[in-house]
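Number of protein chains: 4
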Amino acid sequence: MKNTFGDSISITLFGESHGTAIGAVLDGVAPGIKVDDDFIKKQLSLRRPQGVISTSRREEDKYTIVSGVLDGFTCGTPICIMIENSDVQSADYNCLKDLPRPSHADFTAREKYHGFENAAGGGHFSGRITAAIVAAAAIILPALNRKGIYIGTHIKKIANLTDRDFCDYKEDIISLSDKSFAVLDPDLEDDMNKVILSAAKDGDSVGGVLETAVYGMPSGIGEPWFDTAEGKLAHALFSIPAVKAIEFGTGFGFADLRGSEANDVFTVKDGRIITETNNNGGILGGITSGMPILLRCAVKPTPTIGKPQKTVDMKTLSEQQIVAAGRHDPCIVHRARVVIDSITAITISDMLAMRFGTDWLA
Amino acid sequence: MKNTFGDSISITLFGESHGTAIGAVLDGVAPGIKVDDDFIKKQLSLRRPQGVISTSRREEDKYTIVSGVLDGFTCGTPICIMIENSDVQSADYNCLKDLPRPSHADFTAREKYHGFENAAGGGHFSGRITAAIVAAAAIILPALNRKGIYIGTHIKKIANLTDRDFCDYKEDIISLSDKSFAVLDPDLEDDMNKVILSAAKDGDSVGGVLETAVYGMPSGIGEPWFDTAEGKLAHALFSIPAVKAIEFGTGFGFADLRGSEANDVFTVKDGRIITETNNNGGILGGITSGMPILLRCAVKPTPTIGKPQKTVDMKTLSEQQIVAAGRHDPCIVHRARVVIDSITAITISDMLAMRFGTDWLA
Amino acid sequence: MKNTFGDSISITLFGESHGTAIGAVLDGVAPGIKVDDDFIKKQLSLRRPQGVISTSRREEDKYTIVSGVLDGFTCGTPICIMIENSDVQSADYNCLKDLPRPSHADFTAREKYHGFENAAGGGHFSGRITAAIVAAAAIILPALNRKGIYIGTHIKKIANLTDRDFCDYKEDIISLSDKSFAVLDPDLEDDMNKVILSAAKDGDSVGGVLETAVYGMPSGIGEPWFDTAEGKLAHALFSIPAVKAIEFGTGFGFADLRGSEANDVFTVKDGRIITETNNNGGILGGITSGMPILLRCAVKPTPTIGKPQKTVDMKTLSEQQIVAAGRHDPCIVHRARVVIDSITAITISDMLAMRFGTDWLA
Amino acid sequence: MKNTFGDSISITLFGESHGTAIGAVLDGVAPGIKVDDDFIKKQLSLRRPQGVISTSRREEDKYTIVSGVLDGFTCGTPICIMIENSDVQSADYNCLKDLPRPSHADFTAREKYHGFENAAGGGHFSGRITAAIVAAAAIILPALNRKGIYIGTHIKKIANLTDRDFCDYKEDIISLSDKSFAVLDPDLEDDMNKVILSAAKDGDSVGGVLETAVYGMPSGIGEPWFDTAEGKLAHALFSIPAVKAIEFGTGFGFADLRGSEANDVFTVKDGRIITETNNNGGILGGITSGMPILLRCAVKPTPTIGKPQKTVDMKTLSEQQIVAAGRHDPCIVHRARVVIDSITAITISDMLAMRFGTDWLA
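Chains as they are written, first to last, in my numbering: chain P, 1 to 362; chain F, 1 to 362; chain G, 1 to 362; chain Y, 1 to 362.
These are computed hints drawn from the structure, not numbers from a lab.
Bear in mind that the values here come from a model prediction, so they are computed numbers and not experimental data.
Don't take each hint at face value.
To be verified - With a Cα cut of at most 30 Å, we get these calculated BS3-like pairs of lysine-lysine: (1) F/Lys315 / Y/Lys34; (2) P/Lys269 / F/Lys310; (3) P/Lys34 / G/Lys307; (4) G/Lys307 / Y/Lys269; (5) Y/Lys310 / G/Lys269; (6) P/Lys269 / F/Lys97; (7) P/Lys147 / G/Lys315; (8) P/Lys170 / F/Lys310; (9) Y/Lys269 / G/Lys97; (10) Y/Lys97 / G/Lys269; (11) P/Lys62 / G/Lys170; (12) Y/Lys269 / F/Lys97; (13) G/Lys307 / P/Lys315; (14) Y/Lys310 / G/Lys170; (15) P/Lys269 / F/Lys307; (16) G/Lys34 / P/Lys315; (17) P/Lys307 / F/Lys269; (18) Y/Lys269 / G/Lys310; (19) F/Lys269 / P/Lys310; (20) F/Lys62 / Y/Lys62; (21) Y/Lys307 / F/Lys315; (22) P/Lys34 / G/Lys315; (23) P/Lys97 / F/Lys269; (24) F/Lys170 / P/Lys310; (25) Y/Lys307 / G/Lys269; (26) P/Lys147 / Y/Lys147; (27) F/Lys147 / G/Lys307; (28) G/Lys147 / Y/Lys315; (29) P/Lys315 / F/Lys307; (30) Y/Lys315 / G/Lys269; (31) F/Lys170 / P/Lys315; (32) G/Lys315 / Y/Lys147; (33) Y/Lys170 / G/Lys315; (34) F/Lys315 / P/Lys269; (35) Y/Lys269 / G/Lys315; (36) Y/Lys315 / F/Lys147; (37) P/Lys315 / F/Lys194.
Looking at chain P on its own, in the form it has when it is part of the complex (with noise of 0.2 Å):
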């Protein structure tokens, strides 16, 4: 299956930038839990262009729960999630078909719909489905909370700048709930953002690193080939459309380690097995441990920037200038977070269903 992923609880995206309306089905999710509606505002909140850095398309995502929610609770039955696009603007769109953007789906999507894809605004490709992720992760999430499983995200790496490590795993994934712009460390929200302005000056754009812990997985999960654990949430997350890299654990720095050093040994804490260090991310053999799984994603920088590109129109195979038409964003890191939160969130959701069965969430 294409736009669907997952097992025993899986999603599947529809939806273009400028069309009707972008949706996810989420299936399989058990029934008895509870809808908060508050929190996927909030969640859809974190992912919306905001602040002084974000200029572009801010419409609200108003949502309609289309199925599988009755008097508050999930059903058990497919979630239809819809969001319309009521902030469309793409008048100027035509003129631009045939010349694809830089580093955006535009020539990739022509290759494969041959000329029949909706591309306005990136269509099915936009940044903009990920809402419908967001609002579907958002009814899973407190189910996790409340069987003491916490995801969080923050910016590592924006430029040179660089945040703190994960601490207190549970403490600063709390703390990270609510930031519209999530650095563990306080003081390097004006530097990074600093940067971010900078580059919107210079009619530019910037990428990072954003790091994600999931406290409190169960061990035993995943599977020895295929579907380890790294490679179903590598799966789901190269679907966020900037992200190109994820490591887990040390990740690329394992390359300068030795053995003896990479090694996370064994002892004992509370009658529980763990590991004193955590190189491994949480995950060996493709199976979690226990310990908090550790990964982090590299973001492109927004492909969209004001300064004129070349590239070639289409049809005539003619090179040509492109200028980005109307807003556009620096920076996008800070708000892909939460849809790299909601991904997770989906993919260990699924792990744990297949693990311990289709109730186990409720």
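Based on these hints, arrange chains F, G and Y on the given structure of chain P.
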């Protein structure tokens, strides 16, 4: 499904390191593909421990094609390949079976399988299982070549030694194909071996980074969400026991770039739209662009080392010391390379078969 | 995945009978297929309660194509079709919600969803959900026709009245396409309606048998094990709430034949190998032979009847009587026919896309 | 995936009738299930040609458990079971290889695999492959029994001879378990054998109907759409080469009933809600009700017969006569019974594991 991967072309793995045999069932392969036994043997030899830096188990991987191949051609039906385990020494294993080796899967296997796992030698988690992947992929790889698709992996980094980038992709890939120690810069082999041997002398091990290119990949392959080209490849590649990070194109390097530096602008070459740079590693919006796919995997240092390490008895919860019994390999980076090629070959063949139908590869 | 079906072309269903809306996400459809709104409307009208024998809910199924279609052509991206529930009367429902209706899903829904299900009007189990299937398939069916593939279903049997067999498949299928009461022998319509009305007068209902033919199906489609053409079709068709039996070709009739009578011997016609008879219903060894696919579905009598029936209060376990509230339909056989056509269309399109690639249907 | 079935517990089949071996990989089985070799052997013997009415290949199915079982218990990892082909006579095959046997898969295999198929003895389509299914299921069946779930199949009908219905389900199922000719009414065995022998004397074959019951099935298993209990079971069961029809409960008999006769009214027994009748065969709305699952499969007459039959040379398109070479079996109905039990066991185990988690069966 658990130890199975793929939609149109799928692979199912079975076997334990010290069991009767390991193997794979490769299904969905087009009928009529010539099977080249010499090539299978060569590929298996690249995966086997070898040279001065490998001291571990060196049995020849005698494979049997149990089904799906007749008179040297694929039948179209499931291909089962089995490799017997001949060189098994599990006599000493029992006294260690409650002592999980740091950074191995022993502990998580216990959490998942409750002590019923066949743990000797790593059991179903053993890197040995990758031999079955290599043999299965060796049936597909020549067919990909005939379609103009070439896959190659080189050792990008061990310790602080870094190999040169791919330059002429096709030529470089072909030059790598027979190397037992795959570096593009031949001068590096000695230096890297010295680093490995120095670690070995200390009873230690090293990790590294492998870089893979797929040349000649058709454009338009992959899906916008979930079944992105990155997501599918990462899902499969994270099966390799030591791989803990994957990046595409510029990957984590994107965090240091501005959009104007990171964007791959379009141009025309030989009547075809290409990008001037390839920071996106041949994939835009989850879909292949026709540029070479470029990815890098981080391989953690072999967890088995000669030095004594702390661990915990899983039955008594008492802290213990463990010393790796017998032989072990201070570096598997050079051997992992053929496994990455193999998993990449199977994964892109599956994506191509989904796109162009089951007979396309023949 | 649960409420999702298909490998290359997939359909995901959502919605409850008395909820906001019902709908489907159809993914994997080739880009560039012309969408014919009149045809969608016609197909939906064939599914709707109609004529003298239908007294139940008659709302027009106003559908919205939320995504995946632009300027009248499929985009290649997921197509979400929604149908609002306008004519909902669930006021009286609450007093009945602990009294499961015999042969409905009320009891099993309770066992599965623990009382959180949206049960009014059958909820997610309602036959109303099939409207979404019909609308989705109506996008695909004309494309199949353009490929020379025609699908048609007639009422083979109601009570002791039996329609004639398919004769000239293509002609017969086309003749059925606009009939609201699909019998090949036009004289039967009156007699069958009399049987239905007689049951209705008694506050009772009738079942029947529907026979489906797929003409022009390419040969070589399906797999030897599990994903056989029969298995895939049956898997999908058993979703239809009232379908309790499926047979291919001679089906249960094989039990009365000897091999020499049952075997379909080969002959040549117009330079093509065909079989003289079609007892195997166009499928041999799970794979299509190029002969018309022939299958029959048994439809149980509508469980909702006017007569009082015994049931049990699910909370108190006391025995109770239940009488169907409001309107109900004494026969759904004639309406199920377009649902069978629709599910068959989606399923064979999926099998064809797996075989020939995702663009084949366009 | 093609020759693979199941979501949480899956089975992958490989092998050809006259190849090296046939086998299955059974994945997702809970760790710690006792493996009973005597039971596996007994089940395999029930599938083997036997008695006066079987003249065909009688090799003992010597199986090897290649992986996934240690010290007599399942490990939780993939279980590969192989059965060697020892009694192979394909010498004469070549002269027939362009002459498709009527009602066999020879012709459709050629259409799909273009002549590369290993066609001798039916190749991958051979009923012999079912031996691997039987062996795999024999690992699971005793675990189901320990959970109070019993599966049994009897010969419901051969020619005009009809066995009695299930009466005391559990007792009847147990009574069937060791019978090589499984009829509930012991007086029928002789009569049915006479019918079969009479066909054999004429160089002909017979089909029949098999009826299966699953007693003790928990309620609430299955999904409303697509992954209905009926759909999953039918999908899997249609793999059996000769099965051409499946009905649940009253099945095709529903066409002759009115709703008031067909509906299963609810009542209470031993504090549990049950239905007074079981016309729905233990499944309502696709979900198990806790009543016994009841299904019937039609088995077509063995296509291999002693009489000469018309066929067509696939290369020259000339009409030819074909006579079955060597041995053949005039009836496989009595042997198919253990295959149906086996596929049913694997399928319901998968559904139970999806619902209750992977450890439930242990």
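Against the earlier hints, flag every one the structure doesn't satisfy and list their numbers going up. Violated hints: 3, 11, 12, 13, 21, 27, 29 and 37; rest satisfied.
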